[in-house]
Amino acid sequence: MEIIAVCGLRKTFAVKQKRPGVAGSLEAIFSPTFKEIEAVRDVSLSVEEGETVAFIGPNGAGKSTTIKMLTGILYPTSGMATVLGIVPWRERQLLSREIGTVFGQRSQLWYDLPPRDTFDLLARIYDIPRNTCRARMSMLAEMFELDEIMSTPVRKLSLGQRMRCEIAASLLHGPRVLFLDEPTIGLDVVAKRRIRELIRTMNREEGVTVFLTSHDVSDMEELCRRVMIINHGQLILDTAVSTLKRDYLKFKIVRVRLSDPIGGFDMQGVTVLKHKRTNMKMSVDSEITSIDAVLGELMRHSRIEDITISDPPTEQVIAEIYLREDVGSIGGASDGSS
Amino acid sequence: MGAARYLSISRISFRSRTAYIMDVLAGSFFYALILFVFVQLWTTLAGSGHFAIEGLGARELVWYMVVTEGIMLGRARIEQETDEEVKTGSIAYLIGRPCHYVLFKFAVYWGDTLLRLIINVAVGSLVALIAVGPPRFDQAHLLQVVVSAVLAFSLNFFMVMCISLAAFWVEDTMPFRWIYSKLLFILGGLFAPMEVYPAAVARLARALPFSYMLYAPARLFVQYDTALFWRIVVAQVGWIAVMAGLTFGLYGLGVKRINVNGG
Chain A
1 MEIIAVCGLR KTFAVKQKRP GVAGSLEAIF SPTFKEIEAV RDVSLSVEEG ETVAFIGPNG
61 AGKSTTIKML TGILYPTSGM ATVLGIVPWR ERQLLSREIG TVFGQRSQLW YDLPPRDTFD
121 LLARIYDIPR NTCRARMSML AEMFELDEIM STPVRKLSLG QRMRCEIAAS LLHGPRVLFL
181 DEPTIGLDVV AKRRIRELIR TMNREEGVTV FLTSHDVSDM EELCRRVMII NHGQLILDTA
241 VSTLKRDYLK FKIVRVRLSD PIGGFDMQGV TVLKHKRTNM KMSVDSEITS IDAVLGELMR
301 HSRIEDITIS DPPTEQVIAE IYLREDVGSI GGASDGSS
Chain B
1 MGAARYLSIS RISFRSRTAY IMDVLAGSFF YALILFVFVQ LWTTLAGSGH FAIEGLGARE
61 LVWYMVVTEG IMLGRARIEQ ETDEEVKTGS IAYLIGRPCH YVLFKFAVYW GDTLLRLIIN
121 VAVGSLVALI AVGPPRFDQA HLLQVVVSAV LAFSLNFFMV MCISLAAFWV EDTMPFRWIY
181 SKLLFILGGL FAPMEVYPAA VARLARALPF SYMLYAPARL FVQYDTALFW RIVVAQVGWI
241 AVMAGLTFGL YGLGVKRINV NGG
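So the protein sequences, as listed, match chains A and B.
Numbered by our numbering, the letters in the first sequence go through residues 1 to 338 in order.
Numbered by our numbering, the letters in the second sequence go through residues 1 to 263 in order.
So that you can see chain A by itself, here it is in the shape it has in the complex (with noise of 0.2 Å):
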C-alpha cells in the first residue's frame, strides 16, 4: 500500500538581498530586492507502508524542506503530495493524529520540566484513553530505556537521552508513519547507534513507515533498505541501499597515527589523500583490496597509533553518482526499489 506519494513537488523561497554597510540597509528598507532561491525542484518519490527510507543529501540539499512540506508545515510552490491520503498542507491537524515528527535540532519537550510531563501533555493533546496511555508509556519507557530519567528535568539530560525522550515521545499517540529530521546529529557514535536500533525495533515490531533524512550516510546504510538522494533540490537518485553501497560506498576513508613516520605509503586500490610525517588520511576501495590487508601492510612499516575508519561524506558520495550517470538523466530518477 502507498503510504507517500509525491508528485513534481517544488518550494521556492524569496530570500532578501542586502549589500554591506549603512547604504545597503537603507536600500534594503526602502528598496528590497529578492532572491528566489528553488530549495526543492520537482521531485518525486512513492514510499510503500512499512518501509525504512533514507533521504540523503548535504546541507541545504532540500531534505528538511520537503519533510516539511510532507508534515504539512510548509506549503509548496507547486506539485501535490499526499501521506495516507491526506494532503499534508491541507489538513495539517487531521494528518498529525496519524503520523509522528522529531526534528532533530528542535525540541518538542518541555525545557525545564520532566520528560513524563511532556508525555502527559502529549497524552492530553491527542486524546489518548488513559489506560491505552498507560501501556503505552510502559512499552516506550521499556524500550526506549526511559524509567530512569523520565523524572530528571530536560534540561539536565545528555544529547543522546533527550533524542531517546524525543523519538518516544513522537510515538506515544501510535503513528504510522514516523518523520525523522536528522534524528541523529550532534549525537557520538554510541547514541547515534542505540537511536538507529531503536527505529528499526518501532519499524519492525509496529510497522511503522519511517521517513528519514540525514546528510550521514551510516544512517542509511544501518538503518534503511531503500534510499533517496537529493542535492540541490532533485533527487538524483532512488534505488536500494545494497545497490548504492555496491555502485557508490565501495570507498572507505581510513586515517591512521603511526608511532613512527614512513617516507611513503603504495598499494593497489589505495589513494593517499593526505601524509604529514605520522599521520595519515587515505581512501581504500574494498573491491580492490580489504581494510584488514592495508593496516597489515602499514603495521609492517610502523606501529599504529590510532585509526579511524569512516564513509565517505556524502558530497564525495554525490559527485560519484553525477560522474558515473548522465547528470541531465537522473533528476527524478527512480529505480523503485523497495
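Wrong hints could be hidden among the right ones.
[Unchecked claim] Just a few of them, taken from the derived set where beta-carbon distance is under 8 Å, the chain A residues facing chain B:
| no. | residue |
| --- | --- |
| 1 | T71 |
| 2 | L74 |
| 3 | Y75 |
| 4 | R92 |
| 5 | Q108 |
| 6 | W110 |
| 7 | L113 |
Keep in mind that the hints were calculated from the coordinates and are not lab data.
Just so we're clear, the structure is a prediction, and the values are computed from it rather than from any experiment.
Beta carbons: idealized from backbone N, C-alpha and C, even for Gly.
Chain B: place on chain A using the hints.
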C-alpha cells in the same frame, strides 16, 4: 475534550514557570519598589491639600496602581518567545499537532500569567496594606472586577499575538513590542487613572484598546460603578473580538508563507 486539552497546556505552562520562581520573585521585588515610590508621591500630594481627582484619594490611587502594575508586570511575556518560534522554526512542532497554535499559546500564556499574578497580588496587597490600609472595596463586586481583569489579560494576549505574528513578515518585531509597551504606559493609564488626563487625551485613550487592559479593571476595583462595569465589559469583549479576529487572520495568512529557518 478540547477544553481539557488546553487546560492541560495551561497546567504544564504553570509548572514550567515554577522552575523560574526566583525570577518571578525578583520581578515582584521590582513591583514592590515601584509601588513604594508611588505611595510616597500620592501620599505627599494628598497631604498638600491641593489634590483631588473625582473622589480618588491617596488610598485609592495606591490601590489603583496595585492593580495596573500587577497586570502590567504579571502578564506573561509570550511576544518574544512567539517571535523566536516563528524565526527559529520551532513553530514547526507546535503547528504539527492536533491543536490550534493560537489557542495553544493562549493556554501557555494563562499558565505562565497565573503564577506571576498570584505572587504580584500577594506582594502588591502587602505593600498597599502597610502604606495606606485596606481598599474601600465592596466584596460583592469582586466577581465583576475579576471578570474585567480576565478580559484585560485576554485582550493583552491578542494584542501581543498580533505583534508577534508580524514576525512572519518582518525580520524583528522588537520595535513594535517597545511601542506597544509605551502605549500601555501612556494610554493604558498605568501610573494614573484617566481622570487625571486632559479631556482630549482621555477621550482618545477611551477610544483605543489600551485603557481596557489597565485602567478599566483598576478603576472598577477602587471605585465600582455598575453602569461603568457594563460599558467596560462591552468594550473589552468588542476589542477582544476584533483583535482575536485579526490574530487568527494573521496566523492563517502567515502560516501559508512560513519559512522555517534552518529547513
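Hint by hint, here is what the structure shows:
no.	hint	result
1	T71	holds (5 Å)
2	L74	holds (6 Å)
3	Y75	holds (5 Å)
4	R92	holds (7 Å)
5	Q108	holds (5 Å)
6	W110	holds (5 Å)
7	L113	holds (6 Å)
Violated hints are absent here; each numbered hint is respected by the structure.
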